[in-house]
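> So you can see what is in the structure, the chains are spelled out below.
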Amino acid sequence: MMVFSENETVLAELLSKGRELSDKKGTELSCLVVSKATGDLENRLGQYGVDTILVARDEALNRFDIEVYCSLLSEVVNQRRPEVLLVGATKRGKELAPRLATRLKTGCMADCVALDIDEEKGSLVATRLMYAGKATAREVCKTRPQIATVPPRLFEKKAVGTRRMRMVEVKAPPVQPRVTVKEVRKKEMEAANIEEANVVVCGGRGLRSKEDFKLLEALAKVLNGQVACSRPIAADLGWFTEWVGLSGHKVRPALYIGCGVSGAIQHLAGIRDARIVVAINNNPEAPIFSATDFGIVGDLYQVVPALTESLRKRAST
Amino acid sequence: MVKSIVCIKYAIDVAQLRIDAASKTPITKGAPRKISDIDKNALEEAVRIKEAHGGQVVALTLGPPEAKEALREALAMGADEAYLITDPSLENLDTGGTSTILAAAILKLGNFDLVITGEATIDGFSSQVGPRLAECLSIPQVTYVRKLTFENGKVTAERDLEDSREVVEVNAPVLLTVTKEVNTPRFPSLMAILAASKKEIKTLTAQDLSVQAGMLESTIKILEMTSPEMKRRGLILRDKPPADMAEELALTLSKERIGA
Numbered sequence: 001m002m003v004f005s006e007n008e009t010v011l012a013e014l015l016s017k018g019r020e021l022s023d024k025k026g027t028e029l030s031c032l033v034v035s036k037a038t039g040d041l042e043n044r045l046g047q048y049g050v051d052t053i054l055v056a057r058d059e060a061l062n063r064f065d066i067e068v069y070c071s072l073l074s075e076v077v078n079q080r081r082p083e084v085l086l087v088g089a090t091k092r093g094k095e096l097a098p099r100l101a102t103r104l105k106t107g108c109m110a111d112c113v114a115l116d117i118d119e120e121k122g123s124l125v126a127t128r129l130m131y132a133g134k135a136t137a138r139e140v141c142k143t144r145p146q147i148a149t150v151p152p153r154l155f156e157k158k159a160v161g162t163r164r165m166r167m168v169e170v171k172a173p174p175v176q177p178r179v180t181v182k183e184v185r186k187k188e189m190e191a192a193n194i195e196e197a198n199v200v201v202c203g204g205r206g207l208r209s210k211e212d213f214k215l216l217e218a219l220a221k222v223l224n225g226q227v228a229c230s231r232p233i234a235a236d237l238g239w240f241t242e243w244v245g246l247s248g249h250k251v252r253p254a255l256y257i258g259c260g261v262s263g264a265i266q267h268l269a270g271i272r273d274a275r276i277v278v279a280i281n282n283n284p285e286a287p288i289f290s291a292t293d294f295g296i297v298g299d300l301y302q303v304v305p306a307l308t309e310s311l312r313k314r315a316s317t
Numbered sequence: 318m319v320k321s322i323v324c325i326k327y328a329i330d331v332a333q334l335r336i337d338a339a340s341k342t343p344i345t346k347g348a349p350r351k352i353s354d355i356d357k358n359a360l361e362e363a364v365r366i367k368e369a370h371g372g373q374v375v376a377l378t379l380g381p382p383e384a385k386e387a388l389r390e391a392l393a394m395g396a397d398e399a400y401l402i403t404d405p406s407l408e409n410l411d412t413g414g415t416s417t418i419l420a421a422a423i424l425k426l427g428n429f430d431l432v433i434t435g436e437a438t439i440d441g442f443s444s445q446v447g448p449r450l451a452e453c454l455s456i457p458q459v460t461y462v463r464k465l466t467f468e469n470g471k472v473t474a475e476r477d478l479e480d481s482r483e484v485v486e487v488n489a490p491v492l493l494t495v496t497k498e499v500n501t502p503r504f505p506s507l508m509a510i511l512a513a514s515k516k517e518i519k520t521l522t523a524q525d526l527s528v529q530a531g532m533l534e535s536t537i538k539i540l541e542m543t544s545p546e547m548k549r550r551g552l553i554l555r556d557k558p559p560a561d562m563a564e565e566l567a568l569t570l571s572k573e574r575i576g577a
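Protein chains in written order, with the working numbering: chain H, 1 to 317; chain E, 318 to 577.
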């Protein structure tokens, strides 16, 4: 089994799950890492119980060019012939894995929510969401390698102790990138990890300005929760960099409160695991009302402060 | 002059997809379909480029005969030509098979500058076909495009990644996947819809594309598909003063263990 991610945190998560699956199958676990600094690699990655670390150090790999990385992975896979290849489902991983799968003439199971080994056949069984989360599919890949992409934070990092480990140098194939990067503008990321929040207060298009999110912050504060937003608020309006939904973060809080969120199916896919869903919207026809436990048809600018006040009074008694 | 080929999918309308309560499975047979949302953004972007630089927009889809509906919409939005790849032997292909067939059709259509798809389709949302198609066609790929310009055979694209925005340049031919933020798709006028209804939609079969059955065998096997029970209580308050409804909700929530 081989794992890869250009993101070292995700790589560690994949190694941890990879170790568990490899033990079940009785196979070796290797990883491919692109790194200029080796010294610490053995310690940093070794603790997850990897058997072989493949290191690529070429300057050409400094920038993540899809065709360069696809060729690198293709060569490494053809040399080492792993049965399973896990790729971190970061945006880069998600555009790399299918291209690689076509090059290797194999299948790819994208965005898995669970991974297991079939006791009988030893094959990788991946669970994935279909139809914006309305269905769950359990799939296997009939060809080799079996490729699966795994979202960040799906699995936890688990240090199991270093074992006798090999480090192997791999060279990047000489591929000329055809895409040139002219500019990289870093985004200012929100600090908190919304996926771990116990209470999520989410704002949608019903909010008229970024400043109005203060109303949601006040509500979140009284509930010890975090503020989040739907995709248009982040991707379109740029008020935040991250969002809750099918293509963004999937949250699993005890309580989700959507304020001015209409409830598009892709957003609902991100909150399916919330224990209690509450919606506040002034449109009685909003789709979110058919997917809530409790709802209020009303103006969020009046309801949210009133709710905050009612909850605050209760908390102080 | 720019020739763009836009690959669209006549996808299951997931908002209308029903679940069979007895078997706990989604009722996909006969489920309403529509052109996948982000595919409209892809079409819109291709049409805008044509309007700015001249050229041609070709809409292409693989699907059942009913998929003509999606192509009519594409024509109404400004596509010049529409092709439907349809064949009983081409049903239920996985992403690998789908991209192989689409690539064969694209090569048959010949000399293109851009192949444009949406970031993902609304039903599968796996984001696989775009990159697979680029590999089949041996062209570079630029994904998660939220802004696009085309000048003298060169594409400049702004990509939306998790922690950054990247501006890249690449020469045509290239495959692009766009996000829904790239534009707002136009609503075709009645005139455009009427004109589209008169245009010919060309069909292609497996034989037309000389693809051997073996090349399209599914690599993925679905062991089972289930729809988890999703029962929400649906208790909605309305027509009362906001403060009263808020108070009632606060009372309800206080009875639930929210915890820390």
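Just so you know, the hints here were simulated from the structure itself, not pulled from any lab data.
A virtual CB, placed ideally from N, CA and C, is assigned to each residue, including glycine.
Be a bit skeptical, because a hint or two may be false.
25 Å max Cα-Cα, derived DSS-like pairs, lysine-lysine [claimed, not checked]:
no. : chain 1 : residue 1 : chain 2 : residue 2
1   : E       : Lys464    : H       : Lys210
2   : E       : Lys572    : H       : Lys182
3   : E       : Lys320    : H       : Lys25
4   : H       : Lys91     : E       : Lys471
5   : E       : Lys425    : E       : Lys538
6   : H       : Lys186    : E       : Lys346
7   : E       : Lys572    : H       : Lys313
8   : E       : Lys464    : H       : Lys91
9   : E       : Lys367    : E       : Lys320
10  : H       : Lys121    : E       : Lys367
11  : E       : Lys346    : E       : Lys385
12  : E       : Lys367    : H       : Lys313
13  : H       : Lys142    : E       : Lys538
14  : H       : Lys105    : H       : Lys157
15  : H       : Lys187    : H       : Lys171
16  : H       : Lys182    : E       : Lys471
17  : H       : Lys24     : E       : Lys572
18  : H       : Lys105    : H       : Lys171
19  : H       : Lys221    : E       : Lys572
20  : H       : Lys187    : E       : Lys385
21  : E       : Lys516    : H       : Lys105
22  : H       : Lys221    : H       : Lys142
23  : E       : Lys346    : H       : Lys105
Just some of the chain H residues that point at chain E, by a computed CB distance under 10 Å [unchecked claim]:
no. : residue
24  : Val55
25  : Arg57
26  : Ala60
27  : Leu61
28  : Asp65
29  : Ala97
30  : Lys134
31  : Lys142
32  : Pro177
33  : Leu246
34  : Arg272
35  : Pro287
36  : Ala306
37  : Leu307
> Look at each hint and say if it fits the structure.
For each hint, the structure was consulted:
1. Lys464/E / Lys210/H: With Cα atoms ~23 Å apart, lysine 464/E and lysine 210/H stay inside 25 Å; holds.
2. Lys572/E / Lys182/H: violated, 55 Å
3. Lys320/E / Lys25/H: Violated, at roughly 50 Å.
4. Lys91/H / Lys471/E: holds, 24 Å
5. Lys425/E / Lys538/E: Violated - the C-alpha atoms of lysine 538/E and lysine 425/E are around 30 Å apart, more than 25 Å.
6. Lys186/H / Lys346/E: Violated, because 45 Å separates the two Cα atoms, which is more than 25 Å.
7. Lys572/E / Lys313/H: holds, 15 Å
8. Lys464/E / Lys91/H: holds, 17 Å
9. Lys367/E / Lys320/E: The hint holds at about 8 Å.
10. Lys121/H / Lys367/E: With Cα atoms ~52 Å apart, lysine 121/H and lysine 367/E exceed 25 Å; violated.
11. Lys346/E / Lys385/E: The hint holds at about 18 Å.
12. Lys367/E / Lys313/H: violated, 60 Å
13. Lys142/H / Lys538/E: It holds: about 7 Å lies between the C-alpha atoms, which stays within 25 Å.
14. Lys105/H / Lys157/H: violated, 31 Å
15. Lys187/H / Lys171/H: Answer violated: lysine 187/H to lysine 171/H is near 32 Å, above 25 Å.
16. Lys182/H / Lys471/E: holds, 13 Å
17. Lys24/H / Lys572/E: violated, 44 Å
18. Lys105/H / Lys171/H: holds, 23 Å
19. Lys221/H / Lys572/E: holds, 19 Å
20. Lys187/H / Lys385/E: With a Cα-Cα distance of about 41 Å, the restraint between lysine 187/H and lysine 385/E is violated, given a limit of 25 Å.
21. Lys516/E / Lys105/H: violated, 38 Å
22. Lys221/H / Lys142/H: Not satisfied, since the Cα-Cα distance of roughly 50 Å exceeds 25 Å.
23. Lys346/E / Lys105/H: The hint is violated at about 29 Å.
24. Val55: violated, 24 Å
25. Arg57: Given a least distance of 24 Å, the restraint on arginine 57/H is violated.
26. Ala60: violated, 16 Å
27. Leu61: violated, 17 Å
28. Asp65: OK, holds: aspartate 65/H within 10 Å of chain E, min 9 Å.
29. Ala97: holds, 8 Å
30. Lys134: holds, 6 Å
31. Lys142: holds, 6 Å
32. Pro177: Holds: closest Cβ of chain E sits about 8 Å from proline 177/H, inside 10 Å.
33. Leu246: holds, 6 Å
34. Arg272: Status holds, d = 7 Å.
35. Pro287: holds, 7 Å
36. Ala306: holds, 4 Å
37. Leu307: Given a least distance of 4 Å, the restraint on leucine 307/H holds.
Violation of the numbered hints given earlier is confined to hints 2, 3, 5, 6, 10, 12, 14, 15, 17, 20, 21, 22, 23, 24, 25, 26 and 27; the remaining hints are satisfied by the structure.
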